[in-house]
Amino acid sequence: MTDTLDADVCVVGAGAGGAVAAAELAEGGARVVVLEQGPRHDPDGFTARPPEMLARLYRDGCQTATVGAPPILLPLGRGIGGTTLVNSGTCFRTPPHVLERWAGEFGLELDEATLRPCFERVERALSIAEVTPELAGANAAVARRGAERLGWSHGYLRRNARGCVGSGVCVFGCPTSAKQHTGITYIPRATAAGARIVTGADVRQIVVEGGRARGVSARLADGRSLQVHAPEVVVACGTIHTPLLLERSRLGEGSGQRGRNLALHPATSAFALMEEDVNMARGVPQSLYIDEFAHEGFMFEGAAGPPAYAAMVLPLTGVRHSRAMSQYRRLAQFGLMVSDESRGHVRFLAGRPLIRYDLCAADLSKFRGGLVRLEELFHAAGAREVYLPLTPGVRPQRARLRDLKLMAFHPLGTARADARATHGVTDGDLALHGVAGVHVADGSVVPSALGVNPQLTIMALATRLAFHLLGRAVPPWADPIHPDPAQPVRPGARVHGTGPLTDEETPCPS
Amino acid sequence: MSHAFDRFIAAAPWPQRAGLRLLLALVRRPRGAVLLARAPLLEQAAWAMLSLGRYDDPALGRALGWDAGEVVARGRALRRAEGRP
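Protein chains in written order, with this note's numbering: chain A, 1 to 510; chain B, 1001 to 1085.
No wet-lab data here; the hints were simulated from the structure. Keep in mind that the hints are not guaranteed to be accurate.
Pulled from the structure, derived: some chain A residues nowhere near chain B, Cβ distances all over 10 Å [said to hold, decoys possible]:
no.	residue
1	Gly29
2	Pro117
3	Glu120
4	Thr176
5	Arg250
6	His295
7	Val313
8	Thr391
9	Pro396
Per label pair, the in silico range of CB-to-CB distance [as the list claims (entries may be wrong)]:
no.	chain 1	residue 1	chain 2	residue 2	range
10	B	Asp1057	A	Gly382	44 to 54 Å
11	B	Leu1022	A	Val319	17 to 27 Å
12	A	Val394	B	Gly1032	19 to 29 Å
13	B	Gly1032	A	Ala192	49 to 59 Å
14	B	Pro1058	A	Pro96	40 to 50 Å
15	B	Leu1022	A	Arg352	11 to 21 Å
Which residues of chain A face chain B? A partial, calculated answer using Cβ under 7 Å [what the hints assert, rightly or not]:
no.	residue
16	Gly45
17	Ala48
18	Gly61
19	Gln63
20	Ser167
Just so you know, these numbers come straight off a predicted model, no measurement behind them. Idealized CB from N, CA, C, for every residue including glycine.
Hey, can you work out the whole structure from these sequences and the hints?
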C-alpha cells in the first residue's frame, strides 16, 4: 500500500536545518511536506534521568561512535527538533575569519553582510540572549574566577532559551520547555502555515528523473510506503545521514567529496574538586566560554549535569571514582573543544553508517595544550584536585591518541559547499551540483570546522536557502507570534492515496 | 540496574551493545576487574557505564543534592502556568 503526497517542497529532516527551511518556505506560500524519521517528543515524558533520556532522545541511545584513533562518541538527536532538542543551546554567529576562508578556499559568497539578515531573523525567532551570571550557576563561577585570575578572555554564552530557570539538564530534554529548539519554534510555525509533518518516515530515496528532482520515497513506521511528489527536495538529515541518503539515491558523487571532509569539533572535559559547594546541575550547564586560545585552535565551554551524568563522564575508576562522587556537590566540570584539522568520512557498512575519523598530529597537539590550560584554569580557581580525561599517570604534554577520552558534538562537512562542481557536493546556494531541485540544509554543507557551536550557522544557511527558493530577499526578522502579514499562508499539501495516512505526531513512547 | 539503564544498553547499535554488556560483566567480577585494569581506557568505559546506572538511583541522587522528580515537577508546573509547549 502506497500513500502519496503532493508538495512544492519536500523537506527531509526536522532538525536545525530542515525545520527552519520548512517554516520559512511554508510561511512564504509553498506547499511543504516534512518527513522526519524519529518521533515527536512530548516534554511531559522528560524525566531528567540520563539513561532513560539518552535511550529515548538520541539516535542509537547516544552511542553512535567513530571508528579510528581514538574512537569518539558522537551524540546525535533523533526526532522532531533533531539535535536542537538535546544540545546545550549555545548560539554563535559564524566567525568572520571562517567566512573569509570560505570565500577564498571554496568560492562561497557568504560574507557577514549577506548573512546578517539571516542571523537576525533566526536570533529573533529563537529568543537568543546572553546567560545572566545568576542563571549561570556556581559551576560557571568557578571557571570565571579562574579565567579572571589568569587574565583570560571569557564571557557568558548566548543561548536560545526563554524563561530558563537553570534546570541543569539541557541535553536530557528541557523540562520547562525554555530551550527554544526547532520542535517548539519553527515546526509549529510550519504547521500553522499549512506544512504537513510526517513522523516515523524513513526516506529511502530521492527520486530524480531527467536530471531534476521529482520527490522522495519513504517507508513509514507501520511498513507502508509513502511517495512525495515535489519538484524541490531539501535534504536535512544531518551530517552523518545526509551523505548516506545521497549515496542510496546515487546523487552528489561527481566531485568524489560526498561523505568526505568530516569535521567534528572533538571535545573532552576535566573535573575539579573545589573547596566550596558547586552543585553543578543547578544553573545552565553551558553558560560560559573562554576563548583566550581560540587562535591556537581550541576553546573552553561549560559542561555539567546531574550525578548520573557526572559519574559517567568523570575520568576515574574504582575507589577514586567513588570517593570523588561522594563529594559530587563540590565537583566542577569544564569542557575543551578543538577546532579540528583532522578529516574523516562516512559511508555505508551493512546498512549502518561507518564513521571513520582519525585525529591528526596537529589536533593532538591542541588537546595537549588545551588540557594543560584547563588544569591551570582549575588550579587558579582554587581547586583541591583536578581530574583530567587521560590514562592514569599520563601528563597532558605526553598524551598519546590512545590516552584521550573524547566526544564530539558538531559533525560538519560531508556534503560540503563549494562553488566548483569538481570540489564540492553542493554549490554556494546549497543546491546539489549536477541535478536540479535537490538542496541540502544541514551541517553537511558547512565546508570547514567553525571553532564554535554550529547550530546558528546551520539555521542561517537554511533561512538563506528558503528565501532563495522563494525568490525573495531575506526579511530582517521574524516574529512567530505576529507573523509578517506580507507573507501569505497557503493550505498544506493535498493528500492522495489508498488509505488515510496516520502520520502525525507519533507520540514518544513513555 | 534499572529498566531505564537496560533500555539505554538495548538502544546501542549491536557491536557497541555486545561490547558494553561484556564490559559490564567484567567490571562486576573481581577477576574481570583485574583484567580490565590492564586496559585503562576500557576500564574507564566500563566504569562509565556502571556508574551511569548506579547513580541514576533517585535515592542516591537525592543524597547528593539532586532530585530529578523535583526538577521535572517544577518544569511541568511552569509549562502549565505559563502555557509553554
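Hint check results:
no.	hint	in the structure
1	Gly29	25 Å, holds
2	Pro117	27 Å, holds
3	Glu120	24 Å, holds
4	Thr176	4 Å, violated
5	Arg250	25 Å, holds
6	His295	31 Å, holds
7	Val313	7 Å, violated
8	Thr391	5 Å, violated
9	Pro396	15 Å, holds
10	Asp1057(B) - Gly382(A): 44 to 54 Å	31 Å, violated
11	Leu1022(B) - Val319(A): 17 to 27 Å	23 Å, holds
12	Val394(A) - Gly1032(B): 19 to 29 Å	24 Å, holds
13	Gly1032(B) - Ala192(A): 49 to 59 Å	56 Å, holds
14	Pro1058(B) - Pro96(A): 40 to 50 Å	48 Å, holds
15	Leu1022(B) - Arg352(A): 11 to 21 Å	20 Å, holds
16	Gly45	10 Å, violated
17	Ala48	4 Å, holds
18	Gly61	3 Å, holds
19	Gln63	4 Å, holds
20	Ser167	5 Å, holds
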